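Chains as they are written, first to last, in the working numbering: chain F, 533 to 625; chain B, 533 to 625; chain W, 533 to 625; chain A, 533 to 625; chain P, 533 to 625; chain L, 533 to 625; chain H, 533 to 625; chain E, 533 to 625; chain Z, 533 to 625; chain X, 533 to 625.
Accuracy of the hints is not assured; some may be wrong.
[Stated by the list, open to error] In silico DMTMM-like pairs for lysine to aspartate or glutamate, Cα to Cα no more than 25 angstroms straight-line:
| no. | chain 1 | residue 1 | chain 2 | residue 2 |
| --- | --- | --- | --- | --- |
| 1 | L | 560 | A | 546 |
| 2 | X | 571 | Z | 589 |
| 3 | H | 571 | L | 581 |
| 4 | W | 571 | W | 554 |
| 5 | A | 565 | A | 546 |
| 6 | X | 571 | B | 595 |
| 7 | B | 565 | B | 546 |
| 8 | X | 607 | E | 540 |
| 9 | E | 571 | Z | 540 |
| 10 | E | 607 | X | 598 |
| 11 | H | 607 | P | 559 |
| 12 | W | 560 | P | 559 |
| 13 | P | 560 | H | 559 |
| 14 | X | 565 | X | 546 |
| 15 | P | 607 | W | 595 |
| 16 | Z | 607 | H | 598 |
| 17 | B | 571 | B | 546 |
| 18 | W | 571 | F | 595 |
| 19 | H | 571 | E | 554 |
| 20 | F | 571 | W | 559 |
| 21 | F | 560 | X | 540 |
| 22 | W | 560 | P | 595 |
| 23 | A | 560 | L | 581 |
| 24 | Z | 560 | Z | 540 |
[To be verified] Calculated from the model, a selection of chain H residues having no Cβ within reach of chain P, i.e. all distances over 10 angstroms:
| no. | residue |
| --- | --- |
| 25 | 540 |
| 26 | 558 |
| 27 | 585 |
These are computed hints drawn from the structure, not numbers from a lab.
As the structure is a computational prediction, the values presented were derived from the model and not from experiment.
Ideal Cβ placement from N, Cα and C applies to all residues, glycine included.
There are 10 protein chains.
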Amino acid sequence: MLFAVRMDVVLPLDLDPGLRDELLATEKAYSQKLQREGKWLHLWRVVGEYSNLSVFDVSDNGELHDLLWNLPLFKYMSVSVTPLAQHPSALAG
Amino acid sequence: MLFAVRMDVVLPLDLDPGLRDELLATEKAYSQKLQREGKWLHLWRVVGEYSNLSVFDVSDNGELHDLLWNLPLFKYMSVSVTPLAQHPSALAG
Amino acid sequence: MLFAVRMDVVLPLDLDPGLRDELLATEKAYSQKLQREGKWLHLWRVVGEYSNLSVFDVSDNGELHDLLWNLPLFKYMSVSVTPLAQHPSALAG
Amino acid sequence: MLFAVRMDVVLPLDLDPGLRDELLATEKAYSQKLQREGKWLHLWRVVGEYSNLSVFDVSDNGELHDLLWNLPLFKYMSVSVTPLAQHPSALAG
Amino acid sequence: MLFAVRMDVVLPLDLDPGLRDELLATEKAYSQKLQREGKWLHLWRVVGEYSNLSVFDVSDNGELHDLLWNLPLFKYMSVSVTPLAQHPSALAG
Amino acid sequence: MLFAVRMDVVLPLDLDPGLRDELLATEKAYSQKLQREGKWLHLWRVVGEYSNLSVFDVSDNGELHDLLWNLPLFKYMSVSVTPLAQHPSALAG
Amino acid sequence: MLFAVRMDVVLPLDLDPGLRDELLATEKAYSQKLQREGKWLHLWRVVGEYSNLSVFDVSDNGELHDLLWNLPLFKYMSVSVTPLAQHPSALAG
Amino acid sequence: MLFAVRMDVVLPLDLDPGLRDELLATEKAYSQKLQREGKWLHLWRVVGEYSNLSVFDVSDNGELHDLLWNLPLFKYMSVSVTPLAQHPSALAG
Amino acid sequence: MLFAVRMDVVLPLDLDPGLRDELLATEKAYSQKLQREGKWLHLWRVVGEYSNLSVFDVSDNGELHDLLWNLPLFKYMSVSVTPLAQHPSALAG
Amino acid sequence: MLFAVRMDVVLPLDLDPGLRDELLATEKAYSQKLQREGKWLHLWRVVGEYSNLSVFDVSDNGELHDLLWNLPLFKYMSVSVTPLAQHPSALAG
Numbered sequence: 533m534l535f536a537v538r539m540d541v542v543l544p545l546d547l548d549p550g551l552r553d554e555l556l557a558t559e560k561a562y563s564q565k566l567q568r569e570g571k572w573l574h575l576w577r578v579v580g581e582y583s584n585l586s587v588f589d590v591s592d593n594g595e596l597h598d599l600l601w602n603l604p605l606f607k608y609m610s611v612s613v614t615p616l617a618q619h620p621s622a623l624a625g
Numbered sequence: 533m534l535f536a537v538r539m540d541v542v543l544p545l546d547l548d549p550g551l552r553d554e555l556l557a558t559e560k561a562y563s564q565k566l567q568r569e570g571k572w573l574h575l576w577r578v579v580g581e582y583s584n585l586s587v588f589d590v591s592d593n594g595e596l597h598d599l600l601w602n603l604p605l606f607k608y609m610s611v612s613v614t615p616l617a618q619h620p621s622a623l624a625g
Numbered sequence: 533m534l535f536a537v538r539m540d541v542v543l544p545l546d547l548d549p550g551l552r553d554e555l556l557a558t559e560k561a562y563s564q565k566l567q568r569e570g571k572w573l574h575l576w577r578v579v580g581e582y583s584n585l586s587v588f589d590v591s592d593n594g595e596l597h598d599l600l601w602n603l604p605l606f607k608y609m610s611v612s613v614t615p616l617a618q619h620p621s622a623l624a625g
Numbered sequence: 533m534l535f536a537v538r539m540d541v542v543l544p545l546d547l548d549p550g551l552r553d554e555l556l557a558t559e560k561a562y563s564q565k566l567q568r569e570g571k572w573l574h575l576w577r578v579v580g581e582y583s584n585l586s587v588f589d590v591s592d593n594g595e596l597h598d599l600l601w602n603l604p605l606f607k608y609m610s611v612s613v614t615p616l617a618q619h620p621s622a623l624a625g
Numbered sequence: 533m534l535f536a537v538r539m540d541v542v543l544p545l546d547l548d549p550g551l552r553d554e555l556l557a558t559e560k561a562y563s564q565k566l567q568r569e570g571k572w573l574h575l576w577r578v579v580g581e582y583s584n585l586s587v588f589d590v591s592d593n594g595e596l597h598d599l600l601w602n603l604p605l606f607k608y609m610s611v612s613v614t615p616l617a618q619h620p621s622a623l624a625g
Numbered sequence: 533m534l535f536a537v538r539m540d541v542v543l544p545l546d547l548d549p550g551l552r553d554e555l556l557a558t559e560k561a562y563s564q565k566l567q568r569e570g571k572w573l574h575l576w577r578v579v580g581e582y583s584n585l586s587v588f589d590v591s592d593n594g595e596l597h598d599l600l601w602n603l604p605l606f607k608y609m610s611v612s613v614t615p616l617a618q619h620p621s622a623l624a625g
Numbered sequence: 533m534l535f536a537v538r539m540d541v542v543l544p545l546d547l548d549p550g551l552r553d554e555l556l557a558t559e560k561a562y563s564q565k566l567q568r569e570g571k572w573l574h575l576w577r578v579v580g581e582y583s584n585l586s587v588f589d590v591s592d593n594g595e596l597h598d599l600l601w602n603l604p605l606f607k608y609m610s611v612s613v614t615p616l617a618q619h620p621s622a623l624a625g
Numbered sequence: 533m534l535f536a537v538r539m540d541v542v543l544p545l546d547l548d549p550g551l552r553d554e555l556l557a558t559e560k561a562y563s564q565k566l567q568r569e570g571k572w573l574h575l576w577r578v579v580g581e582y583s584n585l586s587v588f589d590v591s592d593n594g595e596l597h598d599l600l601w602n603l604p605l606f607k608y609m610s611v612s613v614t615p616l617a618q619h620p621s622a623l624a625g
Numbered sequence: 533m534l535f536a537v538r539m540d541v542v543l544p545l546d547l548d549p550g551l552r553d554e555l556l557a558t559e560k561a562y563s564q565k566l567q568r569e570g571k572w573l574h575l576w577r578v579v580g581e582y583s584n585l586s587v588f589d590v591s592d593n594g595e596l597h598d599l600l601w602n603l604p605l606f607k608y609m610s611v612s613v614t615p616l617a618q619h620p621s622a623l624a625g
Numbered sequence: 533m534l535f536a537v538r539m540d541v542v543l544p545l546d547l548d549p550g551l552r553d554e555l556l557a558t559e560k561a562y563s564q565k566l567q568r569e570g571k572w573l574h575l576w577r578v579v580g581e582y583s584n585l586s587v588f589d590v591s592d593n594g595e596l597h598d599l600l601w602n603l604p605l606f607k608y609m610s611v612s613v614t615p616l617a618q619h620p621s622a623l624a625g
């Protein structure tokens with residue numbers, strides 16, 4: 533079941549650089565684990581913004597919430613979720 | 533080069549049913565031709581709305597504009613375009 | 533799996549009264565069938581507006597889209613969908 | 533008398549972790565007491581956000597205001613209230 | 533129990549003048565009956581707009597919805613409702 | 533001459549509790565003085581928000597501005613003003 | 533007493549040209565009469581839009597509403613009103 | 533050449549009172565110098581807000597930008613600019 | 533003196549095709565005359581929309597308003613104007 | 533390939549003046565290097581705001597993102613990007 537998710541990140545201007553690097557490394561590892569598991573299906577940078585557009589493939593709403601809630605950067609993000617369905621003109625099933 | 537595109541369709545309430553069917557068939561054929569050519573990469577229905585979220589893979593801005601402008605339903609749509617780039621945490625290149 | 537759905541209805545001012553009555557009766561029957569099946573879990577009127585706030589219980593995004601798309605009043609509505617999950621403080625599971 | 537209430541929480545990034553845990557525990561207890569009393573009828577998490585969608589069943593506007601005003605997290609929330617009424621197509625009374 | 537209600541009216545430009553006069557007379561009579569009964573507590577014109585700001589005093593949400601739904605101009609209006617409560621600094625009870 | 537005024541209050545999270553109590557007491561006294569003088573005609577709490585909806589009866593725009601500007605909580609508020617006039621359907625003059 | 537007023541005009545695309553000319557002439561005469569009387573103090577075109585920004589000098593809210601309500605183009609306009617007061621740094625009284 | 537300019541001021545809550553008084557005095561002097569030179573044509577307080585609506589008469593866009601950029605309070609303001617032109621119904625040239 | 537102008541076009545769905553072609557040809561000729569005169573400095577299509585982003589070089593606000601007001605498509609457009617000035621980091625004068 | 537980019541800058545009020553000057557000098561040098569290379573095609577100040585409207589000429593989305601992401605002021609900006617295409621009425625190719 534697919535969901536489009538847009539994440540907009542605002543890091544505090546005075547975030548400690550060491551903590552920042554650690555956070556970003558943890559976020560990357562977390563994201564890549566989910567990509568390898570096939571749950572974080574697409575991950576694109578929005579040009580010119582500290583934002584991404586992603587597509588998740590999960591078994592239900594609860595799983596999606598847990599994945600997002602546990603993002604290492606979650607408390608620095610605003611997140612919006614759009615549920616997707618099969619389009620009648622889409623070739624792919 | 534990837535772009536996310538959201539299309540929201542509003543058909544006139546008094547559109548002739550025959551014309552409507554014809555338009556939708558043309559739109560579907562047009563969309564599937566572009567999907568087969570690898571230019572209309574993803575096409576998802578937004579749940580509960582007469583809308584889609586799509587991703588296009590084109591060689592430049594001009595090609596994207598031409599593809600969208602020539603959509604059979606173009607004059608019944610509002611369209612918004614978001615340029616995408618490679619995300620540093622994305623596994624896929 | 534639960535989704536909150538808000539539907540805002542705008543009927544054309546010149547809608548034929550007979551057609552209008554028929555549409556509303558069909559909509560009511562459709563809605564009550566889904567309520568009896570346990571899919572349209574809650575249906576509330578928003579005070580002062582031709583709108584409702586509903587909660588659906590469906591097996592996936594695709595089922596929700598089909599239920600909404602087939603609403604007899606769908607083409608007269610704007611619809612917005614909010615996916616819901618279990619809240620950690622909620623008593624009910 | 534029913535009201536839909538959406539609460540969006542923003543905790544300060546530098547909130548003391550001990551205080552935070554205490555606040556959340558108090559909020560949970562407060563919420564569950566009202567749920568047990570039948571006043572906080574529904575409590576759902578909005579997927580991907582630090583937000584909930586709730587339905588309250590209270591005797592009047594004043595009671596609703598007091599319940600919300602006394603939420604332990606009230607000063608960290610923005611709250612919006614939508615009065616609900618019986619829908620003519622709803623099976624439940 | 534008090535509610536602030538703002539009503540914004542848009543009459544169709546081609547509304548038959550006779551029908552228009554009749555509608556406005558019915559609306560006025562309806563409004564004045566509710567004012568006399570003490571349910572439509574305040575009725576003010578918003579300066580420069582075809583709009584009013586009103587305060588209703590009703591026994592519950594359902595009564596308010598019925599009063600608004602039955603406004604002769606209801607289908608030409610957009611309506612927004614704000615529930616009110618006693619303010620701790622207000623002299624009047 | 534009547535004006536509707538909505539005031540939304542945001543107190544700093546770290547406001548000193550003693551200062552806060554003093555501010556609120558001053559605000560209450562200020563508000564009640566104006567109510568007794570018949571200038572602050574109505575004062576209602578907006579349910580679920582740290583906000584009020586008020587109606588002022590003043591001799592001109594300048595007087596209204598001075599009353600609002602001197603609110604003890606003014607620098608913690610956002611304020612919006614709507615000029616009101618006699619409604620042709622209102623019973624009260 | 534001064535008020536800033538912005539008026540945005542939308543004439544129906546199919547308005548009869550003779551009626552249109554008549555309306556615009558009546559509007560101009562109405563506006564110039566009020567300017568000569570000193571009530572419509574300033575009248576500026578907003579560049580690139582069928583809109584104006586005006587300042588009115590009236591004795592009270594009710595007079596302003598009547599002046600605006602009786603604009604020949606009123607039913608083709610959206611109007612927003614901003615009450616003004618003496619600025620402490622202004623040289624003019 | 534005329535421009536309408538709206539300035540909304542937000543002073544930091546913890547601004548040093550001495551610095552604040554100095555800033556406001558400098559702002560007032562700056563504003564009155566421009567008024568005397570005929571460049572800051574009108575300056576009105578927006579009722580109930582820490583805002584003004586102004587009209588500037590300058591020789592070009594660049595001059596307007598320099599005047600605004602050098603406002604002593606500029607870094608505490610949000611500013612919006614509306615270019616104005618002669619209105620065909622205006623008596624004044 | 534430079535201004536950025538965004539124009540969004542909405543042609544009526546039932547516009548006569550002959551009239552439409554004539555309008556578009558007149559618009560094109562009008563636009564190209566102004567480009568040749570150096571007044572319509574830049575003209576870009578916004579990708580995926582019936583819109584353009586333009587830059588005009590005019591002697592004053594009044595000239596810009598006249599150029600826009602006389603666009604053959606003016607009554608089918610919404611237009612927004614942003615005055616521009618020399619940027620301190622720009623190489624070009 | 534052209535993109536319009538609007539950048540709105542908010543510097544922290546307590547930014548160290550030395551750091552601020554250094555940042556602005558670096559930003560200017562960065563911007564002028566890109567202008568000289570023909571990638572930052574236009575750079576205009578938005579009148580009355582700490583903002584610019586720019587046009588970039590880049591080979592693809594990724595290049596644009598990298599240029600913007602590396603702006604010395606990037607973390608103090610909000611940025612919005614609009615892809616542009618050749619307009620059929622434009623004289624320039």
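How the hints compare with the structure:
Restraint check for residue 560(L) and residue 546(A): not satisfied, since their Cα atoms lie roughly 32 angstroms apart, outside the 25 angstroms limit. Pair hint residue 571(X) plus residue 589(Z) holds up; C-alpha atoms about 23 angstroms apart against a cutoff of 25 angstroms. As the CA atoms of residue 571(H) and residue 581(L) are separated by approximately 40 angstroms, the hinted pair breaks the 25 angstroms bound. Distance hint between residue 571(W) and residue 554(W) is fulfilled; the C-alpha atoms sit about 23 angstroms from each other, no more than 25 angstroms.
The hinted pair formed by residue 565(A) and residue 546(A) fails the criterion: a straight-line CA distance of about 29 angstroms is larger than 25 angstroms. Note on residue 571(X) and residue 595(B): the hinted pairing holds, with a Cα-Cα distance of about 21 angstroms set against a maximum of 25 angstroms. Restraint check: the Cα-Cα separation between residue 565(B) and residue 546(B) comes to about 29 angstroms, which exceeds 25 angstroms; the hinted pair is violated. Of the supplied pair hints, the one linking residue 607(X) and residue 540(E) holds, its CA atoms being roughly 24 angstroms apart against a limit of 25 angstroms.
As the CA atoms of residue 571(E) and residue 540(Z) are separated by approximately 34 angstroms, the hinted pair breaks the 25 angstroms bound. For the hint pairing residue 607(E) with residue 598(X), the CA-to-CA distance comes to about 29 angstroms; that exceeds 25 angstroms, so the pair is violated. At most 25 angstroms may separate the alpha-carbon atoms for a hinted pair to count; residue 607(H) and residue 559(P) meet this at roughly 19 angstroms. The suggested pairing of residue 560(W) with residue 559(P) is violated, with an alpha-carbon distance near 29 angstroms, which exceeds 25 angstroms.
Using a Cα cut-off of 25 angstroms, the hinted pair residue 560(P) and residue 559(H) is violated, with the two alpha carbons roughly 29 angstroms apart. For the proposed pair residue 565(X) and residue 546(X), the alpha carbon gap of about 29 angstroms is over 25 angstroms, so the pair is violated. For the proposed pair residue 607(P) and residue 595(W), the alpha carbon gap of about 32 angstroms is over 25 angstroms, so the pair is violated. Of the supplied pair hints, the one linking residue 607(Z) and residue 598(H) is violated, its CA atoms being roughly 29 angstroms apart against a limit of 25 angstroms.
Distance check on the hinted pair: residue 571(B) and residue 546(B) sit about 33 angstroms apart at the alpha-carbon level, beyond 25 angstroms; violated. Distance check on the hinted pair: residue 571(W) and residue 595(F) sit about 21 angstroms apart at the alpha-carbon level, within 25 angstroms; holds. Taking the CA atoms of residue 571(H) and residue 554(E), the gap is about 38 angstroms. The hint is violated against a cut of 25 angstroms. For the given pair, residue 571(F) sits about 37 angstroms from residue 559(W) by alpha-carbon distance, which is inconsistent with the 25 angstroms threshold.
For the given pair, residue 560(F) sits about 29 angstroms from residue 540(X) by alpha-carbon distance, which is inconsistent with the 25 angstroms threshold. For the given pair, residue 560(W) sits about 22 angstroms from residue 595(P) by alpha-carbon distance, which is consistent with the 25 angstroms threshold. Between the alpha carbons of residue 560(A) and residue 581(L) the distance comes to roughly 20 angstroms, so the proposed pair stays at or under 25 angstroms and holds. Of the pairs offered as hints, the one joining residue 560(Z) and residue 540(Z) holds, with about 15 angstroms between alpha carbons and a cut-off of 25 angstroms not exceeded.
The beta carbon of residue 540(H) is kept farther than 10 angstroms from every beta carbon of chain P, the shortest such distance being approximately 12 angstroms. Once the 10 angstroms rule is applied to beta carbons, residue 558(H) is consistent with being away from chain P; the minimum gap is 17 angstroms. Against chain P, the non-interface label of residue 585(H) holds: every CB pair exceeds 10 angstroms, the least being about 14 angstroms.
Consistency note: the structure conflicts with the earlier hints numbered 1, 3, 5, 7, 9, 10, 12, 13, 14, 15, 16, 17, 19, 20, 21.
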